[in-house]
Amino acid sequence: KQEVTQIPAALSVPEGENLVLNCSFTDSAIYNLQWFRQDPGKGLTSLLLIQSSQREQTSGRLNASLDKSSGRSTLYIAASQPGDSATYLCAVGETSGSRLTFGEGTQLTVNP
Amino acid sequence: ETGVTQSPTHLIKTRGQQVTLRCSSQSGHNTVSWYQQALGQGPQFIFQYYREEENGRGNFPPRFSGLQFPNYSSELNVNALELDDSALYLCASSLVISADTQYFGPGTRLTVL
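Chain order of the listed sequences is A and B.
Just so we're aligned, residue 1 is where the first sequence starts under this note's numbering, counting upward by one.
Just so we're aligned, residue 1 is where the second sequence starts under this note's numbering, counting upward by one.
Just chain A, with the same shape it has in the complex:
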C-alpha cells in the first residue's frame, strides 16, 4: 500500500526567503507525482505535475523535482511572498488517470 509523507507539517518563514518542502513515498512504482495548493476550506489547485520519466518541472517561482528510485520529491519556492501562504499537498498517481494518494500536507505561512 502506497504511503506518502510530507515534512515539515508546518513552516513559517519571512517574506523573500527561498524554501523547500519535502515529500516521500514508499512504493517507487508511480506513474506521476503532483503538487497541489489548498487555501483554507477550499479545493485543490494543481501547481506542478511530474511524470515518472521526468526529473523536474518548473513554473514561475516553483520548481519540483522527482527522484523515483529513492521515493522523494521536493517543491522549491523561490522568493516567497505572503500570497504563497497555504497548505501544499503532494500526491502520487500509480497509473494513468488513477486515484491519487496524498500526503498530509505542509502548512506554509509567509510573514510580511
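Bear in mind the hints are in silico, worked out from the structure with no lab data behind them.
For each residue, glycine too, the CB sits at the ideal point set by N, CA and C.
Watch out, some of these pointers could steer you wrong.
Unchecked claim - Taking beta-carbon pairs under 8 Å as the criterion, some of the chain A residues facing chain B (in silico):
(1) 42
(2) 93
(3) 98
(4) 103
(5) 110
Using the hints, position chain B against chain A.
Frame of chain A; chain B shown alone:
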C-alpha cells in the same frame, strides 16, 4: 468553460441520517473522482466513475455510494452517518479516464453531530 462545482457548500447532519452531495464536472469531462478530507489530513480516495460506471474504489464501507449521470454530473451518497464522516468532500473531474490532470471542485463541508 465552467469549472467543477459542488453543492451544497456546507451541510450539517445528525448521526444516523443520510446525505447526498452533488458535483458538476467541468464541461466535456467524462470521469469524476470523489475524495474525503478530514481536518488536518490529506484527501483520501473514495471512488471514481467513468461513463456512469464505478471504476475503482478506496477503503470506504458500502454505505458510501455514488452515481454518475449521462451528463457526467455525479452524486455521493452516505447512509447511516457517523461522527467520523465529518470532513470536506471533494470531487475532481478529468477529460478522459487516462488524463493525468484532475480538476478539483471547492468541496462540500459536512458536519455530523
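Now for the hints, and whether the structure bears them out:
The interface hint given for residue 42/A holds, since its Cβ lies 6 Å from the closest Cβ of chain B, which is under the 8 Å cut-off. With 8 Å as the threshold, the beta carbon of residue 93/A comes within range of chain B, its nearest partner Cβ sitting at about 7 Å, so the hint holds. Here the hint on residue 98/A is kept, as its CB sits about 7 Å from the closest CB of chain B, short of 8 Å. Of the supplied interface hints, the one on residue 103/A holds, with its beta-carbon coming within about 5 Å of a beta-carbon of chain B, less than 8 Å.
A cut of 8 Å between beta carbons decides the hint on residue 110/A: the least distance to chain B is about 20 Å, and the hint is violated.
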